[in-house]
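Going line by line, the protein sequences match chains A and B.
Last residue of the first sequence: number 574 in numbering that gives the first Met the number 0, and the count goes up by one each step with no gaps.
Last residue of the second sequence: number 574 in numbering that gives the first Met the number 0, and the count goes up by one each step with no gaps.
These aren't lab readings, by the way, just hints derived from the structure by calculation.
It does not matter which identical chain is used: a pair holds within one copy or between any two.
Derived EDC-like pairs: lysine to aspartate or glutamate, alpha-carbon spacing no greater than 20 Å straight-line: (1) K62 with E105; (2) K98 with E72; (3) K54 with E496; (4) K57 with D498; (5) K54 with D498; (6) K138 with E105; (7) K57 with E496; (8) K57 with D528; (9) K20 with E72; (10) K187 with E496.
Number of protein chains: 2
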Amino acid sequence: MRVAIAQLNYTIGDVAGNAEKILAVVEENKNSVDLLVFTELALTGYYPQDLIYSKLVKDAQGKALESIGRATEGARAAVVVGCYTENPFSGKPFCNSIKVFAGGVEVFNYSKKLLPTYNIFEEARHFEPGRQQGAWFYKGYRLGFLICEDGWGQADKAVYPANPVDELKGQQLDLIISVNASPGNLGKQKERRQVFQDIALRCRAAVVYANQVGGNDEIVFDGSSFAIDRFGKTVGMMVPFKEAVGIVDLEKNAGDRFCKRQLVGAAGFAYGEITLDQELMAEQAMVGLRDYVDKLGFSGVVAGCSGGIDSAVTIALAAKALGPERVKAITMPSEYSSDGSVNDSIALCRNLEVELFTHPIKDEFSLARSGFRTAFGTGPSNLTLENVQARLRGRILMEYSNHTGYLVLSTGNKSEMAVGYATLYGDMNGGLNLLGDMYKGDVYAVARWFNSAYPERLIPAEIIDKPPSAELAPGQQDSDTLPSYDILDAILRLYIEADLLPGMERDMQIRLLRGTSNELIQKVCAMVDRAEFKRRQAPPIIRIQRRSFGSGRHLPIVANYPTINSLGDLSLMLR
Amino acid sequence: MRVAIAQLNYTIGDVAGNAEKILAVVEENKNSVDLLVFTELALTGYYPQDLIYSKLVKDAQGKALESIGRATEGARAAVVVGCYTENPFSGKPFCNSIKVFAGGVEVFNYSKKLLPTYNIFEEARHFEPGRQQGAWFYKGYRLGFLICEDGWGQADKAVYPANPVDELKGQQLDLIISVNASPGNLGKQKERRQVFQDIALRCRAAVVYANQVGGNDEIVFDGSSFAIDRFGKTVGMMVPFKEAVGIVDLEKNAGDRFCKRQLVGAAGFAYGEITLDQELMAEQAMVGLRDYVDKLGFSGVVAGCSGGIDSAVTIALAAKALGPERVKAITMPSEYSSDGSVNDSIALCRNLEVELFTHPIKDEFSLARSGFRTAFGTGPSNLTLENVQARLRGRILMEYSNHTGYLVLSTGNKSEMAVGYATLYGDMNGGLNLLGDMYKGDVYAVARWFNSAYPERLIPAEIIDKPPSAELAPGQQDSDTLPSYDILDAILRLYIEADLLPGMERDMQIRLLRGTSNELIQKVCAMVDRAEFKRRQAPPIIRIQRRSFGSGRHLPIVANYPTINSLGDLSLMLR
Numbered sequence: 000m001r002v003a004i005a006q007l008n009y010t011i012g013d014v015a016g017n018a019e020k021i022l023a024v025v026e027e028n029k030n031s032v033d034l035l036v037f038t039e040l041a042l043t044g045y046y047p048q049d050l051i052y053s054k055l056v057k058d059a060q061g062k063a064l065e066s067i068g069r070a071t072e073g074a075r076a077a078v079v080v081g082c083y084t085e086n087p088f089s090g091k092p093f094c095n096s097i098k099v100f101a102g103g104v105e106v107f108n109y110s111k112k113l114l115p116t117y118n119i120f121e122e123a124r125h126f127e128p129g130r131q132q133g134a135w136f137y138k139g140y141r142l143g144f145l146i147c148e149d150g151w152g153q154a155d156k157a158v159y160p161a162n163p164v165d166e167l168k169g170q171q172l173d174l175i176i177s178v179n180a181s182p183g184n185l186g187k188q189k190e191r192r193q194v195f196q197d198i199a200l201r202c203r204a205a206v207v208y209a210n211q212v213g214g215n216d217e218i219v220f221d222g223s224s225f226a227i228d229r230f231g232k233t234v235g236m237m238v239p240f241k242e243a244v245g246i247v248d249l250e251k252n253a254g255d256r257f258c259k260r261q262l263v264g265a266a267g268f269a270y271g272e273i274t275l276d277q278e279l280m281a282e283q284a285m286v287g288l289r290d291y292v293d294k295l296g297f298s299g300v301v302a303g304c305s306g307g308i309d310s311a312v313t314i315a316l317a318a319k320a321l322g323p324e325r326v327k328a329i330t331m332p333s334e335y336s337s338d339g340s341v342n343d344s345i346a347l348c349r350n351l352e353v354e355l356f357t358h359p360i361k362d363e364f365s366l367a368r369s370g371f372r373t374a375f376g377t378g379p380s381n382l383t384l385e386n387v388q389a390r391l392r393g394r395i396l397m398e399y400s401n402h403t404g405y406l407v408l409s410t411g412n413k414s415e416m417a418v419g420y421a422t423l424y425g426d427m428n429g430g431l432n433l434l435g436d437m438y439k440g441d442v443y444a445v446a447r448w449f450n451s452a453y454p455e456r457l458i459p460a461e462i463i464d465k466p467p468s469a470e471l472a473p474g475q476q477d478s479d480t481l482p483s484y485d486i487l488d489a490i491l492r493l494y495i496e497a498d499l500l501p502g503m504e505r506d507m508q509i510r511l512l513r514g515t516s517n518e519l520i521q522k523v524c525a526m527v528d529r530a531e532f533k534r535r536q537a538p539p540i541i542r543i544q545r546r547s548f549g550s551g552r553h554l555p556i557v558a559n560y561p562t563i564n565s566l567g568d569l570s571l572m573l574r
Numbered sequence: 000m001r002v003a004i005a006q007l008n009y010t011i012g013d014v015a016g017n018a019e020k021i022l023a024v025v026e027e028n029k030n031s032v033d034l035l036v037f038t039e040l041a042l043t044g045y046y047p048q049d050l051i052y053s054k055l056v057k058d059a060q061g062k063a064l065e066s067i068g069r070a071t072e073g074a075r076a077a078v079v080v081g082c083y084t085e086n087p088f089s090g091k092p093f094c095n096s097i098k099v100f101a102g103g104v105e106v107f108n109y110s111k112k113l114l115p116t117y118n119i120f121e122e123a124r125h126f127e128p129g130r131q132q133g134a135w136f137y138k139g140y141r142l143g144f145l146i147c148e149d150g151w152g153q154a155d156k157a158v159y160p161a162n163p164v165d166e167l168k169g170q171q172l173d174l175i176i177s178v179n180a181s182p183g184n185l186g187k188q189k190e191r192r193q194v195f196q197d198i199a200l201r202c203r204a205a206v207v208y209a210n211q212v213g214g215n216d217e218i219v220f221d222g223s224s225f226a227i228d229r230f231g232k233t234v235g236m237m238v239p240f241k242e243a244v245g246i247v248d249l250e251k252n253a254g255d256r257f258c259k260r261q262l263v264g265a266a267g268f269a270y271g272e273i274t275l276d277q278e279l280m281a282e283q284a285m286v287g288l289r290d291y292v293d294k295l296g297f298s299g300v301v302a303g304c305s306g307g308i309d310s311a312v313t314i315a316l317a318a319k320a321l322g323p324e325r326v327k328a329i330t331m332p333s334e335y336s337s338d339g340s341v342n343d344s345i346a347l348c349r350n351l352e353v354e355l356f357t358h359p360i361k362d363e364f365s366l367a368r369s370g371f372r373t374a375f376g377t378g379p380s381n382l383t384l385e386n387v388q389a390r391l392r393g394r395i396l397m398e399y400s401n402h403t404g405y406l407v408l409s410t411g412n413k414s415e416m417a418v419g420y421a422t423l424y425g426d427m428n429g430g431l432n433l434l435g436d437m438y439k440g441d442v443y444a445v446a447r448w449f450n451s452a453y454p455e456r457l458i459p460a461e462i463i464d465k466p467p468s469a470e471l472a473p474g475q476q477d478s479d480t481l482p483s484y485d486i487l488d489a490i491l492r493l494y495i496e497a498d499l500l501p502g503m504e505r506d507m508q509i510r511l512l513r514g515t516s517n518e519l520i521q522k523v524c525a526m527v528d529r530a531e532f533k534r535r536q537a538p539p540i541i542r543i544q545r546r547s548f549g550s551g552r553h554l555p556i557v558a559n560y561p562t563i564n565s566l567g568d569l570s571l572m573l574r
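Bound-form chain A, shown alone (with noise of 0.2 Å):
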């Protein structure tokens, strides 16, 4: 029996969008394949969010899902298609479900079992867990459908009352399909090949597991669709980050007593597998970005350009994504740059063939400064001051967006992003953040990568090499109010998703705090605690890290909490 994985790129709410390129991989495929797997909610997208209540976009999807079951008439191919359906049942009105579509009929459903409600999820808002049983007979072999978090639940992040693959278990099946809406973040791929590989031999099956790709909102999907043996072996894998159809085949075992079969070949799969963290990262957002601009139609991007590594990685990133031509980059110098920063912002633009804006703050900051004497009557603070730079250039960044239509990259990293080290409407201005959940220190490995990858487009060597300062006062450094980076980093990374790290990598970062005085590891969480604020009207950041600020971290802003203040703390606040 041939599978064909569809791994596409959908836009939330385009029923009809999503339908039509379902249903040109369903007419190119039908006759070649048994099986053609399309990912969750393939209809709406992923995640619909309150749209789920929109008749309009039910009308549409039933409409969809017409069509579709219509083109499998006198087909070969049976189409798996995510959707929801109306949960028959008491309790939330729907269920996160797939139909499966042969003969121009449907013949089979499934409903989502284990609901995710926790970090990015929140699908018990919206769904009721099924019930029925996922197995299915088809063409001589056993199938098992899973739907995402099924397959996940005797992982430890999550627990629930039931095991969907303890279910599929006893069932002797020849595979398993498991269709995905999983989005990528850090150790992702591998995680999930763990999972199901432990699947694959626990049920001593095969297994298909088919992903989507592309970004909405913070979310970037990573495809990395893949096909495992019945003896755990990875038969394919498929490019991630890239729409594609991938096919297998399951082939019987004759000298197996229970006759079960394997899955041999892989074509459409190649090993695209992403090992370095730091291209994980970049292509992350790459992706990301590309989907945020092009699902909306923007034109193109924007960014302040200030000789600084955030705002170099941010313009490099997007040069890349989107060509140089779509991406706009402004310095601002005021009486506190640097001649690096704008000689830095000139090379690095010629290298990217990027335009860049020369546009000046010094009179405009001195009029500031002039009329907050005159209204107020007393010269303004430092702080004020440092504030009002961040702000006339977040101002320069919207005028120019305003003009031309181009989107405003906002371009701090998730290490400022975590103590507040970001002006709100300055330099957090934009629609969306690129860097948002990279840390400093991965934000300097991203550049070296980058620079690895594209030598004929260089970060200059001195963005890199230069100590990171905001340059808003006379010879100000970062280091002189933050610790150093790798410290910083990796106080964060454990007060914000140490649950969540695998165990060698938080034994690395406690190491790493080795020496460092509880003060300082109780100033940063409460610079954490307090910046919370600023964190609520930051634009989108693209996901990257394992629990990135937005929606992975529900924290009130009202609020009065135990502050940590020792290491032995941090681990208490373990999630």
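Following the hints, put chain B in place on chain A, whose structure we already have.
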């Protein structure tokens, strides 16, 4: 049996502070009543969100519960307190529970069975439903417990597989104690009493409904705790929005063949029900503001004063809520500002006794305009120029805030936030928005109510009577680009929250739109859809209506969903 309701104001995560408040009320009442009822998640505050995973919070709660238990040693009263507990079964790690302490020990506990996960609620993210019975025998009385949503299982807005009220129904209870963290919104007080009156009649038991007060981020709890006898009659209701302890007596009714008891008398209760919508909106905004400011320790607030209705109502409510000395206003006239704007601002602030600063933006505006031309080689578009003015003003407000530590209030109303008639990083700047859940018509109603309630603090009639204008271009009026506010508000009310409106109110809105073209309805709804990116970066909005922007409405930015194109379609969007 004497029952006391403690209607208190808690701070999220501040377990030690909340416990101190609770213990003070326990000490004061423990020998004069038999049962002392504190509200849902009283120790952590509602809603703790992901803080619930903090072991520091957990340890603090453990200590607090011990102290509360000890305080009941040798006392007449049993104490009921809301807290979270470990879930002993599989599933989410916690339950949303109450514990009852008497004689120094825990004598009963119960965990919430219906976990709201819709609108602003996300309890399924953290909790598993409880399994035990809510009935408890105490001092010869049969009591039954419900926690908040447990009482709403048959209300049509949220459908659950179970109904805890049915489980209590057969128990021949004397008294049902409902322990709540129920946010206030329009219509909520009436709705609650209808639901619990029904429960009293169905279960033939008296009901004590205990709710908390105070603001936490967007949410304001109105209190309005009440007691209903077993014939459905309200015995007493506590004054909304105020901390207090209310006492009722449960007395034996000798003539009753079931030997049921009923509630009589009610000390500390006063019929404080707010029947005017505009008064409720104003109160809710003022309480939300006061708690935001005081719980976070701001010394005061500052807002731009444009001479328009929104900033006037914001400043008036703030002056009333905090005292005029904690409120500052800044008028920032441009070349497009009418003389009236400045004069009306002066009159307003004089009436309110609020200090008004003047900071013209003319010079900065012309410098920004020429700077744009120099940097980008072209003159800025009109849209760009309009936004520049709003952003100069937003920056000046932030300067004052940075310099003084005062919180900036943003002043956009719900109609403007809905259609995106607001400038990101401009007039949307601020830490909190008081009017963002009042439609434009509501703002006028609140202004008129304010003037009748506080005639010594008048909002000048000129401000209420002038046609709305952003004054960002010569002679500009809102009606140039938007329909009249009664039509706009009706479309928005139906599009955003029709499913939650009482039938009569929904019908009224539909009647208002007779004669409105489908094109206009489509245009307005498309504006709402497109403005999602702005709202994502808006400050927290104090929730007042049934569905507010912010946590009440989850929608994607990157999306392409079918646009409503007639009033017929509009009703199809009902949720």
